[in-house]
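Peer 1: Residues per chain, in single letters:
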Amino acid sequence: MITKKVLLLFPKSETEKPIVYHLVKDYDLIVNIFRAKVTPEEYGYLVLDLTGTDENIRAGLDFVRSFNVEINEADRGIRWDDKRCIQCGNCLSHCPTEALYISDPLTRKIDYNEDKCIQCLSCIDNCPYGACSSIF
Amino acid sequence: MKTYEEINRKIESGKAVVMTADEIIDYVDRKGLDKAAEEVDVVTTATFGPMCSSGCFLNFGHSKPKMRITEAWIDDVLCYSGIAAVDAYLGATQLRHNDPANMYYPGEFKFGGGHVIEKLVKGEKCQLFALSYGTDDYPLKELRTWFDINDLNQAIMVNPRNCYQNYNVAINCSEKPVYSYLGMLKPNMENLTYSSSGQLSPLLNDPLYETIGIGSSVWLAGSRGHVHAEGTQHCPTSLRGENDVPVEGAGTLGLTADMKKMKGDYIRGVSLKGYGVSLSLGIGIPIPVLNRGILKRTTVRNKEIEACVIDYSSDYPNKTGKVLCRVNYEDLMKNNITINGKKVEVSAMSSYNKALEIAEILKDEITRGDFCLGIPSQKLPAVQGMKGLEIRRDR
Chain A
0 MITKKVLLLF PKSETEKPIV YHLVKDYDLI VNIFRAKVTP EEYGYLVLDL
50 TGTDENIRAG LDFVRSFNVE INEADRGIRW DDKRCIQCGN CLSHCPTEAL
100 YISDPLTRKI DYNEDKCIQC LSCIDNCPYG ACSSIF
Chain B
0 MKTYEEINRK IESGKAVVMT ADEIIDYVDR KGLDKAAEEV DVVTTATFGP
50 MCSSGCFLNF GHSKPKMRIT EAWIDDVLCY SGIAAVDAYL GATQLRHNDP
100 ANMYYPGEFK FGGGHVIEKL VKGEKCQLFA LSYGTDDYPL KELRTWFDIN
150 DLNQAIMVNP RNCYQNYNVA INCSEKPVYS YLGMLKPNME NLTYSSSGQL
200 SPLLNDPLYE TIGIGSSVWL AGSRGHVHAE GTQHCPTSLR GENDVPVEGA
250 GTLGLTADMK KMKGDYIRGV SLKGYGVSLS LGIGIPIPVL NRGILKRTTV
300 RNKEIEACVI DYSSDYPNKT GKVLCRVNYE DLMKNNITIN GKKVEVSAMS
350 SYNKALEIAE ILKDEITRGD FCLGIPSQKL PAVQGMKGLE IRRDR
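If you read the sequences in order, they're chains A and B. Counting from 1, position 62 in the first sequence corresponds to residue 61 in numbering that gives the first Met the number 0; the numbering is continuous, with no gaps. Counting from 1, position 242 in the second sequence corresponds to residue 241 in numbering that gives the first Met the number 0; the numbering is continuous, with no gaps.
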């Protein structure tokens, strides 16, 4: 079993299809949705974790692709701009999963671990310098 | 014993021995105070964080025809124009015109005076809109134009209060969020925020103002400036620990420097949700090792510096003076801290990382002979309280 975090971008025409249902039912995948916006009028997105066998994840993603849905495995919705970040650490008590963390206790350097981010957006709300932003 | 002149001569000849306030601690431990006081000439201190009570004087130059500006906005941020025809003062905490502030609580405060100052330092174009009533010699009544910092005759940062010696640690004991200048404080003491660079901070390394005085040279966002006055609310008569280090706000500095020589990496507009806008500044201050007592005080460690934890939901706004407890900076610089038996997550408003970087840069500049000490012409007051404002019903 592996877990893969993916970002699905839906064109307007595909937002009515029950894609997540099929991923669970037909491909035996555990789906954990972090962020979603799927409305019939416009483009939509889903940020989710897929857990299952390597083979099932690959097949499930092929199925998703057949709907003209764009799959982005690299970009995960939240961006941390290390040039905007002044390394204060105001984010630390607001990030619930320690995705934003101190990588070096001596210099108190802040770093961002994308894998741990659950996209709660509280860093965006709380960063005084706009270092965190959402791609949506 | 050394004098400022001796140290400056060593700096000019490239022979000065300089260490950061971080490095000096272990060095004195290893070498002993007497030996280290002989060897080391300067200790560099630094801080980087929001410094309200900052701003700049700008001179726009005269338009053709001339205008005696009475109201001015830069990028829709109001500047104070009651100085002279084309002089203005832009304050860091001024909101942008039409910002809804906290009308839709908590407001976002995306842009204001601090952000305009950041744009100016970065050389970006800004819009000036100005109004006047018109006079015989200054007939123009309205103008709109675009400019950058190079178009200005002068851009001089003049900050009434920077470098708070120490600062409150803010916590929220209530059941709803508190939006403060120390960030969002979660209900029920879920988190707290401190704002100091601790053992690197300028006035914590010179707690009795023995070397930092009016006329001292400072590194202000990359530009060489100086202390022009005691900072507003300078209150040396504060609660202090046995090491003379204050456990509350205490001293402050009024700082000035040429903004045209500043570097964009060390100056940032600040947006504090539910509170407002401000400006973050990087500041470095050299401490000359004139004698062993001065050196000794620069070896202060985070664990020897305490700060007061204050409830910002009630005690701070109501000015009750109540302190929940005291904590030291070594504990604050861990991920969480225990307050009244409860584990509390820690946030910081001050960047230790940037402060370290600035202390290193200043060390390099002094070592290279590029940055000499300013000899203070006056000491900062060492005994002085702080007044409150009484709201009176009658004259």
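A couple of the hints might just be wrong.
Said to hold, decoys possible - Dumping the calculated BS3-like pairs for lysine-lysine here, alpha-carbon to alpha-carbon at most 25 Å:
| hint | chain 1 | residue 1 | chain 2 | residue 2 |
| --- | --- | --- | --- | --- |
| 1 | A | Lys-115 | B | Lys-333 |
| 2 | A | Lys-115 | B | Lys-185 |
| 3 | B | Lys-259 | A | Lys-82 |
| 4 | B | Lys-140 | B | Lys-63 |
| 5 | B | Lys-302 | A | Lys-82 |
| 6 | B | Lys-333 | A | Lys-108 |
| 7 | B | Lys-262 | A | Lys-108 |
| 8 | A | Lys-82 | B | Lys-63 |
| 9 | B | Lys-342 | A | Lys-108 |
| 10 | A | Lys-82 | B | Lys-121 |
| 11 | A | Lys-108 | B | Lys-121 |
| 12 | A | Lys-82 | B | Lys-124 |
| 13 | B | Lys-262 | B | Lys-124 |
| 14 | A | Lys-82 | B | Lys-262 |
| 15 | A | Lys-82 | B | Lys-260 |
| 16 | A | Lys-108 | B | Lys-302 |
| 17 | A | Lys-115 | B | Lys-342 |
| 18 | A | Lys-108 | B | Lys-185 |
| 19 | B | Lys-259 | B | Lys-121 |
Just so you know, these hints were derived from the structure itself, not from any lab. The model shown is predicted, which means the values in this text are computed figures rather than measured ones.
Peer 1: Hints first: check each against the structure and report whether it holds.
Peer 2: Tested hints:
{"no.": "1", "hint": "A/Lys-115 to B/Lys-333", "result": "holds (20 Å)"}
{"no.": "2", "hint": "A/Lys-115 to B/Lys-185", "result": "holds (22 Å)"}
{"no.": "3", "hint": "B/Lys-259 to A/Lys-82", "result": "holds (22 Å)"}
{"no.": "4", "hint": "B/Lys-140 to B/Lys-63", "result": "holds (12 Å)"}
{"no.": "5", "hint": "B/Lys-302 to A/Lys-82", "result": "violated (31 Å)"}
{"no.": "6", "hint": "B/Lys-333 to A/Lys-108", "result": "holds (13 Å)"}
{"no.": "7", "hint": "B/Lys-262 to A/Lys-108", "result": "holds (21 Å)"}
{"no.": "8", "hint": "A/Lys-82 to B/Lys-63", "result": "violated (41 Å)"}
{"no.": "9", "hint": "B/Lys-342 to A/Lys-108", "result": "holds (23 Å)"}
{"no.": "10", "hint": "A/Lys-82 to B/Lys-121", "result": "holds (14 Å)"}
{"no.": "11", "hint": "A/Lys-108 to B/Lys-121", "result": "holds (24 Å)"}
{"no.": "12", "hint": "A/Lys-82 to B/Lys-124", "result": "holds (21 Å)"}
{"no.": "13", "hint": "B/Lys-262 to B/Lys-124", "result": "holds (16 Å)"}
{"no.": "14", "hint": "A/Lys-82 to B/Lys-262", "result": "holds (14 Å)"}
{"no.": "15", "hint": "A/Lys-82 to B/Lys-260", "result": "holds (21 Å)"}
{"no.": "16", "hint": "A/Lys-108 to B/Lys-302", "result": "holds (20 Å)"}
{"no.": "17", "hint": "A/Lys-115 to B/Lys-342", "result": "holds (22 Å)"}
{"no.": "18", "hint": "A/Lys-108 to B/Lys-185", "result": "holds (24 Å)"}
{"no.": "19", "hint": "B/Lys-259 to B/Lys-121", "result": "holds (9 Å)"}
Of the hints listed earlier, those the structure fails to meet are numbers 5 and 8, in rising order.
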